[in-house]
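Participant: If you want the building blocks of each chain, they are given just below.
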Amino acid sequence: MEKYHSTFWTALSLFVVILSYNMGLGGFHTPGPGLMPFLLGVFLLLTSLYLLWKSLLKKVATEETATEEQSQTNYQKIGLVLASLFFFALLLEPLGYLIVTFLFFVLLFRSVGNRWRTVLMASAFTTLVTYFGFTFFGVRFPKGILKF
Amino acid sequence: MDIFSGLLFGFQTILEPSNLFYCFLGVFIGTLIGVLPGIGPIGAMSILLPMTFGISPVSSIIMLAGIYYGSQYGGSTTSILVNIPGEASSIVTCLDGYQMARQGRAGPALGIAAFGSLIGGTFSIIALIFLVIPLAQVALKFGPPEYFSLICLGLLTSIYLSKGSFVKALVMILIGLILGCVGIDSVSAFPRFTFGCPSLYDGIGVGQIAMGLFGISEVLINLEKSLERTIFKTRVKNLLPNRQDWKRSIGPITRGSLLGFLLGILPGGGAVIASFLSYTVEKKISKNPDAFGKGAIEGVAGPETANNAGAGGAFVPLLALGIPGNAVMALLLGALIIHGVTPSPIFITQHPNIFWGVIASMYVGNLMLLILNLPLIGLWVKLLKVPYRILMPLILLFCLIGAYSINNNVTDVIIMIIFGIVGYILRKFGYEPAPLILAFILGPMLETAFRQSLIMGDGRFGIFVERPISAVILVIAVLVVISTGFSYYRKVKAEVIIE
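Listed in order, the protein sequences are those of chains A and B. Counting in numbering that gives the first Met the number 0, the first sequence runs from 0 upward without gaps. Counting in numbering that gives the first Met the number 0, the second sequence runs from 0 upward without gaps.
Careful: at least some of the hints might be erroneous.
Stated by the list, open to error - Mimicking PhoX-like on lysine-lysine, the simulated pairs with C-alpha atoms at most 25 Å apart in a straight line are: (1) K2/A x K492/B; (2) K2/A x K162/B; (3) K427/B x K76/A; (4) K492/B x K53/A; (5) K293/B x K246/B; (6) K162/B x K427/B; (7) K286/B x K246/B.
Just so you know, the hints here were simulated from the structure itself, not pulled from any lab data.
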């Protein structure tokens, strides 16, 4: 695994170095906008090359064999949570806080296997409580399709 | 303002009802997140950061600081009763605290943890006052080269003290510094790494990064493991430690206070390392080291005192020099900057209400915590039973709303989610996000100091070593690097031998 992330850091640092070189390094008398990111990029490049070199030296035999089955179910859960986060972010403004939050909770509470009745009641309850709680702290929400 | 009138002024500030309320809210939330799994003080502070925009700077810092030291209290409760540390700084408390609970001595364990915390916390506040004021006076002589050297020293020390691999911590620091460069350059007005996205012109917000890295990613990591906990079924009684307990604990508490405070001052230090070292020291000097791990009260008293004293010590570099030493302090600095307050050596004279107010609030907060944690322990034990599947959606919602409320803008929410994914991947590969956030906050300060120094020194790097204070700091930094390299070499060598 180490091989992959050190390759990623190397690529990233090259990207930073090139971009910051193009910003203009200036001289040491008059440091330009690119100087600091350029130096940081060079440091990162050296560090990631060292990581890469070290990972290539390591014997491949020590690669661990992960339990496939378990990691599959985990990624499903993580995928669902990420999807619901993006769902919330993208629909908050068009639909409004109350509807989006309610659906967000329904999705997540249901995903952990609660019964529908409990899911709906709990979602409605937490949506209303958080709505009043956040508004108390002065947070203003988009109204969306509801008019409040 | 001398110390006495300063303190008086501070207590006047904290006793205003609104400040008292926010102090209570802070320590309450702190205890809560200390008890609850899946969210730590950095996550909670970053979620609440946007909510503090509407209140005065002094109230918001009082509340955020309260979350930090409050979480040190709450963390011990779960360590003792469930054998799961609520916070990283309570990991060692599990060793003897849980054993004490199993032997029916949960009460004294919780009691000594709370009293130790109070004593350690109080000691560190007093030591803080006596250290910050002279230190700030010395720091008045600092120019950009000294600040550059100091920030370098801070970042290097945090690598040295990091938990995992040094190289990985270095990568995190460099990434944090690079992320700090995003946005319009303050000198040349040149947009850097913005890729034409106007939301990035002001740079990436500290709230979005912190919530992503410490809120969302922590939830994702926790989804992988089962967090259903079996709570020790016992009635917690006799919270007051007896005379014998006190006799055994007084030494660890005294040493823990001193050790914790000193370690807390170090960059990258803070409460976590303080608690670990205190445990090691107590075990080493004990006449009966075999008792450790089997329910020795010394193993609870020392670390629990040290982590609270460490939390206090961590305020020293922030309040005296304006340089945060760890990720939590970096967030506090971020909060101060958002409120238009820039901590510097003249911070104490410029904003005496914040400085003395926060100090006094820590004292009041510690007393509140004692009341919250001892008589109300039953309430927290009940909260331990809240299942994670109910907490998880709530933590996520708090992050989402927190990010949205920064600018009432969905782009911030998306940025936060992206950092959540980044944080999850980083943790999976053994990269700790704490150095990243520290470097992210220090980055712009480092760059400004670097550029100003170069202009001052007419483009010569000699300026950093020609000025005596800067030279001394750099020598220490070099020693830290050598020492890091040496222990890294030993670690690699040990790995080779094992293979």
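Participant: All hints, please: hold or fail.
Facilitator: Comparing the hints with the structure gives:
1. For the given pair, K2/A sits about 20 Å from K492/B by alpha-carbon distance, which is consistent with the 25 Å threshold.
2. Simply put, K2/A and K162/B have alpha-carbon atoms about 22 Å apart, close enough for the 25 Å limit, and the pair holds.
3. Between K427/B and K76/A, the direct Cα distance comes to roughly 16 Å. Compliance with the 25 Å bound is thereby established for this hinted pair.
4. For the suggested pair K492/B and K53/A, the alpha carbons sit about 13 Å apart, so the restraint of at most 25 Å is met.
5. Taking the CA atoms of K293/B and K246/B, the gap is about 18 Å. The hint holds against a cut of 25 Å.
6. Taking the CA atoms of K162/B and K427/B, the gap is near 15 Å; set against the 25 Å cutoff, the hint holds.
7. For a cut-off of 25 Å, the pair hint linking K286/B to K246/B stands: about 14 Å separates their Cα positions.
Of the numbered hints listed earlier, not one is contradicted by the structure.
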